[in-house]
Amino acid sequence: MSVHSHINAAPNPEGASAEQKLQWLRVMVRIHEFETRCDPLALQGKIPGGLHSSAGQEGIAVGVAAALGPGDYVAGTHRSHHHALASGIPADVLMAEVFGRRTGCNGGRGGSMHVASLERGFIGGNGIVGAAVGLATGAALSARTRGTDRVAVGFVGDGGANTGRTWESVNLAAIWKLPVVIVCENNLYAVETTSSLMTASSSIAERAAGFGIAAVSIDGQDVT
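The numbering used here puts the sequence shown at residues 4 to 227.
No wet-lab data here; the hints were simulated from the structure.
Do not rely on the hints blindly, as some may be mistaken.
[Said to hold, decoys possible] Pairs of lysine to any residue residues, derived as SDA-like cross-links and limited to a Cα-Cα distance of at most 25 Å, are as follows:
#: 1; residue 1: Lys49; residue 2: Arg123
#: 2; residue 1: Lys180; residue 2: Asn190
#: 3; residue 1: Lys24; residue 2: Gly74
#: 4; residue 1: Lys180; residue 2: Val132
#: 5; residue 1: Lys49; residue 2: Val32
#: 6; residue 1: Lys49; residue 2: His117
#: 7; residue 1: Lys180; residue 2: Arg168
[To be verified] Pair ranges (Cβ atoms, derived):
#: 8; residue 1: Glu36; residue 2: Gly130; range: 20 to 26 Å
#: 9; residue 1: Arg168; residue 2: Ile221; range: 23 to 29 Å
#: 10; residue 1: Gly150; residue 2: Gly111; range: 23 to 29 Å
#: 11; residue 1: Gly48; residue 2: Ser199; range: 40 to 46 Å
#: 12; residue 1: Tyr192; residue 2: Pro51; range: 30 to 36 Å
#: 13; residue 1: Gly72; residue 2: Asp225; range: 37 to 43 Å
#: 14; residue 1: Ala218; residue 2: Pro43; range: 42 to 48 Å
#: 15; residue 1: Gly110; residue 2: Val219; range: 36 to 42 Å
#: 16; residue 1: Ile178; residue 2: Gln47; range: 47 to 53 Å
#: 17; residue 1: Asp95; residue 2: Thr197; range: 24 to 30 Å
Note that beta-carbon positions come from the ideal geometry of N, C-alpha and C, so glycine has one too.
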């Protein structure tokens, strides 16, 4: 179940009804339960390929999805189960994809890191660190070229925020004034390296000023 359908009735959290907030909570719980089921199976070697849990980042995906409308785009990272579920991919279909089954949303070919659902606007997860920002920038350019009012969101982690491809894409988006939102999910670690060892500033959002675009740091655990 997607949270996108609620956006027209609640363009901001303050205007959300109790039922809408409850729906957001349901999706967050679904994401957490999904990851809780996946983790032990991955450790047992029952899931093919790598698996990157999004547990603890549930609120970010749901909050972003709640601010999007039908037809908008989302480009995820290598850690994108929460993006996929918040975009409306059913949990059983996503689980089938993670296990490489034909009944998965990509016929089992994408697996955990390359889930996609174009009909839901989810461009997909991506195994290349920092690549989602470029995909979102391209989707936003496509929307502009076709004369639509669609918006694209590109997710990136704190590790991906230290890659050149991320900021090259941000620069293009700023130059062309594209309808794209970059969301950095700073979980404080890139593999085993803490943010403090690879990022001089305590705020990744501060870098946006160099491109002349607005940025803000928020609590990713607080949807409202």
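Taking the hints in turn, this is what the structure says about them:
1. A distance of roughly 28 Å separates the Cα atoms of Lys49 and Arg123; the hinted pair therefore is violated under the 25 Å criterion.
2. With a CA separation close to 28 Å, the supplied pair Lys180 and Asn190 exceeds the 25 Å bound.
3. Distance check on the hinted pair: Lys24 and Gly74 sit about 22 Å apart at the alpha-carbon level, within 25 Å; holds.
4. Under the criterion of a C-alpha separation no larger than 25 Å, the hint pairing Lys180 with Val132 is consistent with the structure, at around 24 Å.
5. Under the criterion of a C-alpha separation no larger than 25 Å, the hint pairing Lys49 with Val32 is consistent with the structure, at around 23 Å.
6. With a CA separation close to 18 Å, the supplied pair Lys49 and His117 stays within the 25 Å bound.
7. As the CA atoms of Lys180 and Arg168 are separated by approximately 18 Å, the hinted pair is consistent with the 25 Å bound.
8. Judged by the Cβ atoms, the range 20 to 26 Å given for Glu36 and Gly130 holds: they are separated by roughly 25 Å.
9. Evaluation of the 23 to 29 Å hint for Arg168 and Ile221 yields a pass: the beta carbon distance comes to about 24 Å.
10. Range check, Gly150 to Gly111: about 36 Å between beta-carbon atoms, so the 23 to 29 Å window is missed.
11. With their beta carbons about 33 Å apart, Gly48 and Ser199 fall outside the hinted range of 40 to 46 Å.
12. Against the hinted window of 30 to 36 Å, the Cβ-Cβ separation of Tyr192 and Pro51 comes to about 24 Å, which falls outside the hint.
13. Checked against the given bound of 37 to 43 Å, the beta carbons of Gly72 and Asp225, roughly 22 Å apart, lie outside it.
14. Under the hint 42 to 48 Å, the C-beta atoms of Ala218 and Pro43, about 37 Å apart, miss the expected range.
15. A C-beta distance of roughly 39 Å is found between Gly110 and Val219, which places it inside the suggested range of 36 to 42 Å.
16. At roughly 48 Å, the beta-carbon separation of Ile178 and Gln47 lies within the given 47 to 53 Å, and the hint holds.
17. In this structure the supplied range 24 to 30 Å is violated for Asp95 paired with Thr197, their Cβ-Cβ distance being about 36 Å.
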